[in-house]
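Peer 1: Sequence:
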Amino acid sequence: MEKRIFKFLVASPGDTKDERELCLKIFKELNKGIGECYDFVIEERMWEYNTRPSFSGEYSQAIISEQLGKDYDVFVGIMNQKFGTETKVAGSGTEEEFNNAYERLKNKEKVEIMFYFNDAPVKPSAINTNDLNKVRDFKRRVGDLGGYH
1 MEKRIFKFLV ASPGDTKDER ELCLKIFKEL NKGIGECYDF VIEERMWEYN
51 TRPSFSGEYS QAIISEQLGK DYDVFVGIMN QKFGTETKVA GSGTEEEFNN
101 AYERLKNKEK VEIMFYFNDA PVKPSAINTN DLNKVRDFKR RVGDLGGYH
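Residue numbers (this note's numbering): 1 to 149.
Keep in mind that the hints are not guaranteed to be accurate.
[Claimed, not checked] In silico DSSO-like pairs for lysine-lysine, Cα to Cα no more than 27 Å straight-line:
1) 28 / 17
2) 17 / 7
3) 7 / 139
4) 88 / 70
5) 139 / 25
6) 7 / 123
7) 106 / 25
8) 7 / 28
9) 17 / 88
10) 32 / 3
11) 88 / 28
12) 82 / 134
13) 17 / 32
14) 139 / 82
15) 108 / 25
16) 3 / 108
17) 108 / 139
18) 139 / 106
19) 123 / 82
20) 3 / 28
21) 110 / 123
22) 139 / 17
23) 106 / 7
24) 7 / 70
25) 32 / 82
26) 82 / 3
27) 7 / 82
28) 108 / 17
29) 25 / 88
30) 17 / 70
31) 108 / 82
32) 134 / 88
33) 134 / 70
34) 123 / 106
[Unchecked claim] Taking CB as the label site, the calculated pair distances span:
35) 19 / 137: 18 to 24 Å
36) 14 / 141: 17 to 23 Å
37) 24 / 71: 18 to 24 Å
38) 39 / 81: 38 to 44 Å
39) 34 / 129: 41 to 47 Å
40) 32 / 143: 32 to 38 Å
Hint data in this document are derived by calculation from the structure and do not stem from the laboratory.
Backbone N, C-alpha and C define an ideal beta-carbon position, used for all residues, glycine too.
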């Protein structure tokens, strides 16, 4: 029997390195365990592993989005304290990737969206209130769109 492939796009700002590595570990464990039993495999789509340098796009995030593609089955968004780098069309690359996934969902395309917000304590000296406010506003927006997090 041929294995079913589930493509997971993981989107997050730069302060989520540990969470991104945890996603890879979880995908690997699922593939070795239940994936082997039920003939499926999870493929990650992450800019660190699935993109390359290029001058083919209008701006950096457009290149990343083009190379990651839109044929993923599951969008996994993660945010900690940072919102990310603004793009030409969104407040951050993560927000732009979420917007792309949400647009697919609105167009009745088959995509599952999951978004996780880390509420772990942080040192007061490490808090950037501007970023934190953007994360809070975005979290509220995700909820207003019907997201449960």
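Peer 1: Below or equal to 27 Å on CA atoms is what counts here, so check residue 17 against residue 32.
Peer 2: holds (23 Å)
Peer 1: The hint says 41 to 47 Å between residue 34 and residue 129; measuring C-beta to C-beta, is that right?
Peer 2: Because 42 Å falls inside the window, the suggested range holds.
Peer 1: Holds or violated: are the alpha carbons of residue 123 and residue 106 at most 27 Å from each other?
Peer 2: Judged against 27 Å, a Cα distance of about 39 Å means the pair is violated.
Peer 1: Run the distance test for residue 3 versus residue 108: straight-line Cα separation, threshold 27 Å.
Peer 2: holds (25 Å)
Peer 1: With 18 to 24 Å as the target window, see if residue 24 and residue 71 comply at their CB atoms.
Peer 2: holds (20 Å)
Peer 1: Please work out if residue 32 and residue 3 have their alpha carbons no farther apart than 27 Å.
Peer 2: holds (13 Å)
Peer 1: For the pair supplied as a hint, residue 7 and residue 70, is the alpha-carbon distance within the 27 Å limit?
Peer 2: holds (10 Å)
Peer 1: Holds or violated: residue 32 with residue 82, Cα cutoff 27 Å?
Peer 2: violated (33 Å)
Peer 1: Mind checking the alpha carbons of residue 28 and residue 17 for me, to see if they're no more than 27 Å apart?
Peer 2: holds (17 Å)
Peer 1: Given the hinted pair residue 7 and residue 28, is their Cα-Cα distance within 27 Å?
Peer 2: holds (13 Å)
Peer 1: Within 27 Å, alpha carbon to alpha carbon, are residue 82 and residue 134?
Peer 2: Within the cut-off at roughly 8 Å; holds.
Peer 1: Would the pair residue 108 and residue 139 pass a check requiring their Cα atoms to be no farther apart than 27 Å?
Peer 2: Roughly 23 Å separates the two Cα atoms, so the pair holds.
Checked against the numbered hints above, the structure violates hints 6, 7, 11, 15, 21, 25, 26, 28, 29, 31 and 34; every other hint is satisfied.
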